[in-house]
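Chemist: Heads up: the sequence lines are chains A and B, in that order. Each residue of the first sequence is one higher than the last, beginning at 38 in this note's numbering. Each residue of the second sequence is one higher than the last, beginning at 24 in this note's numbering.
Among these hints, one or two may not hold up.
With a straight-line Cα cutoff of 27 Å, these simulated DSS-like cross-link-like pairs (lysine-lysine) come out [unchecked claim]:
#1 B:Lys193 to A:Lys47
#2 B:Lys389 to A:Lys81
#3 A:Lys137 to B:Lys139
#4 B:Lys414 to B:Lys193
#5 A:Lys137 to A:Lys81
#6 A:Lys137 to B:Lys299
#7 A:Lys81 to B:Lys139
#8 B:Lys299 to B:Lys204
Label-pair restraints from in silico Cβ distances [as the list claims (entries may be wrong)]:
#9 B:Gln428 to A:Asp76: 39 to 49 Å
#10 A:His63 to B:Arg290: 39 to 49 Å
#11 B:Asp219 to A:Ala77: 50 to 60 Å
#12 A:Glu124 to B:Ala397: 44 to 54 Å
Simulated from the structure, these hints should not be mistaken for laboratory data. Built from N, CA and C at the ideal position, the CB exists for glycine as well.
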Amino acid sequence: MSTNTATPVKIEEKLFQNRYRVDEGHPHISVRDSSVCRDACQDKACTFCCPAGCYAPDASGGVTLSVDGCLECGTCRIICAEHQNVEWWYPRGGYGILFKFG
Amino acid sequence: MSEHFDAIVVGAGPAGNAAAYTLAKGGLNVLQIERGETPGSKNVQGAILYSDALERIIPDFREDAPLERPVLEQRLWVLDEASYIGSTFRSEEFKSGPPNRYTIIRAEFDRWFSEKVREAGALVICETTVTGLLRDDAGKVIGVQTDRMGGDVYADVVVLADGVNSLVAKRAGFHGELQPKDVALAVKEVLFLAPDVIEQRFNIGEDEGVVIEMMGKITQGMIGTGFLYTNRESLTIGVGCMLSSFREGGIPPYQLLEDMKNHPAIRPLLRGAEGKEYAAHLIPEGGYKAVPQLYGEGWVMVGDAGGLVNAVHREGSNLAMTSGRLAAETIIDLKEHRRVMSARNLGEYKRRLDASFVMSDLKKYKHVPDVLHASPHLFTTYPELMSRAAKHMLHVDGADKKSKQRQISQEFREERGMLGMLTDAYKMWRALR
C-alpha cells in the first residue's frame, strides 16, 4: 500500500526544529502502571500513534516514555482509552512546547 | 489584583480571546488565564482565518492583524500513488471586496488578538495553568484554581476555552474523555520559502494565496485529508486522520506526513523549502452527536473545548470565535439585568448557539462521521478508480474511446459492485444534503 514510504523519517530531526522549555524533573505525562503496558496491552498504540515518538517499546515487553519532545496534543491519553494508563496533565505554566508559528 | 472578577476566561485561543474581548468591551471585569509563555505559544491550527466571524467582533481587524495571504484560489486534489485529479476554484471577484478568508500564522495572530483583549481592558495572565474549578456547597462554579502560589481566583462565571484537551471540564465531571473515533490527529510542518518562489510556483500574485485540500492515497487508507497552504514566506503542509484510523493503520503520523511530502505531485512544490517547525494537534471531529453539555451552574464552554468543529468544511476557528462571542454576549445581558449565572440563565447561550450557523452546520452533517467510519473505502477505492479512469481516457494508444469507457465502467463495477456504488452515493447524499 505505502509505495511512497521510500524514506523512513527520523522524528528527532523534526523535533529539533521546535522550541521547548523543559521542566526538568517534572514530567507532565506518566504511565500509571507499567505492568499494564507489559501484560494487558496488545497493540501498544502509543508507540506508533504519538506524533513526537515519545513512546518506545522496551526490552521487557513494556513501554518507555520520554516526554521531552512532547507536542502536548493528547493523543497518548486518548489512544489508551481501553486501559486508561496514561496520566496526562498540562505542563506547569510557561513550560513545554513553545510554538513559534503554531 | 482584585480577588473577584465578573468573569474568568480559561485559554487565549480564538474562542477565549473572542469571549474575553467581548466581555471586556461590554464593561465587565475580566481575568483571562493562559498557560503558554505568550498567547498562541500552545496553539496549533492549519491555519485559515475566516474573516466574517472576526469582523463581527473587531470590524476593522484588517488594519493591523497579522494576516498572511488572502485566499484567492481553492484547489481540491484527489491523489493516487503517482498522479492526481484536481479541481480549482479561482475568482477575481474574491479580490473586489474585503477577502473572506486568509492564511495566518496562529502564534502571531493569537498574540495580536490577545493585545486587543488587553486594550479592551481585560487582565491577561500567561504562564499559568488552570488546575481545577472552585465550587460552592451547591456545586456552582465560583472560580478557578491555578498552579501559581495562592492561585485561587473567584468570579461570577467561568468561560472554559481551554481547547480540545478540555481537562478542567473533564476533571469537574462535565463530560467524559474524547473517543479515538471522535477526534482527528493532524501533523504539520511550516516550511520557509522565498515569497517570489511561492508566487511563481503557485501561480499567484504578491497578495494572493492558495489552499490545496487533498484526499486519496496520501492518507494510506486512513480516514482523513491533507492540506497545503501558502503563507507570505512559508508553506504549511499537513495531514490529519481520525485517531481510530491511526490506531488501525499502524503508520506513525510523522511518517505519513513525510510520505505525503514525497508524493510526485507535491514534492516539486516544496523543493528548496526549509523546515522551521513541526506541530501536532487533535481536532474534535465527532460533530453534532459528540458535543457535550455546554453550560452549567456558573460555567460555559466554547470553541474546541465544546467540540464545535465543522469537519466537513474544515472550519473551526470561526465556530470558536462565534461561540466565544455568543457566550460573552449572553453573560453581558445577564449581568445587565442583574440575573445570576445559573445553568438555567446561561442556557440562553446554547439557544443563541442553536440559532446560529454553528449548531445549524453541525446538525446538517450529524451523520457524516458515522458514514465515514462505516465506509473507509471512500478514501481509497474511489480516488484510485477516478485516477485510473482519467489515465485510461487520456492515454492515446489506438484503442477507441468507447471500449475505454466500457473498461472503466467495468473496473468500477468490479471494485465496488453496482449496488455498492449506489449505496455509497445514497449514504453520502443522505449525510451531506
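Chemist: State for each hint whether it applies.
Modeler: Hints, verified against the model:
1. Restraint check for lysine 193 (chain B) and lysine 47 (chain A): the C-alpha separation of about 35 Å exceeds 27 Å, so the hint is violated.
2. This hinted pair does not check out: lysine 389 (chain B) and lysine 81 (chain A) have alpha carbons roughly 31 Å apart, beyond 27 Å.
3. Under the criterion of a C-alpha separation no larger than 27 Å, the hint pairing lysine 137 (chain A) with lysine 139 (chain B) is consistent with the structure, at around 20 Å.
4. Distance restraint check for lysine 414 (chain B) and lysine 193 (chain B): the Cα-Cα separation of roughly 51 Å exceeds the 27 Å cut-off, and the hinted pair is therefore not satisfied.
5. Restraint check for lysine 137 (chain A) and lysine 81 (chain A): the C-alpha separation of about 31 Å exceeds 27 Å, so the hint is violated.
6. For the suggested pair lysine 137 (chain A) and lysine 299 (chain B), the alpha carbons sit about 9 Å apart, so the restraint of at most 27 Å is met.
7. Pair hint lysine 81 (chain A) plus lysine 139 (chain B) does not hold up; C-alpha atoms about 45 Å apart against a cutoff of 27 Å.
8. Of the supplied pair hints, the one linking lysine 299 (chain B) and lysine 204 (chain B) is violated, its CA atoms being roughly 31 Å apart against a limit of 27 Å.
9. Between glutamine 428 (chain B) and aspartate 76 (chain A), the C-beta spacing of about 58 Å breaks the proposed range 39 to 49 Å.
10. Checked against the hint of 39 to 49 Å, the pair histidine 63 (chain A) and arginine 290 (chain B) passes, with Cβ atoms roughly 41 Å apart.
11. Roughly 57 Å separates the CB atoms of aspartate 219 (chain B) and alanine 77 (chain A), a value that falls within the hinted 50 to 60 Å.
12. Distance hint check for glutamate 124 (chain A) and alanine 397 (chain B): the Cβ-Cβ separation is about 34 Å, which falls outside the suggested range of 44 to 54 Å.
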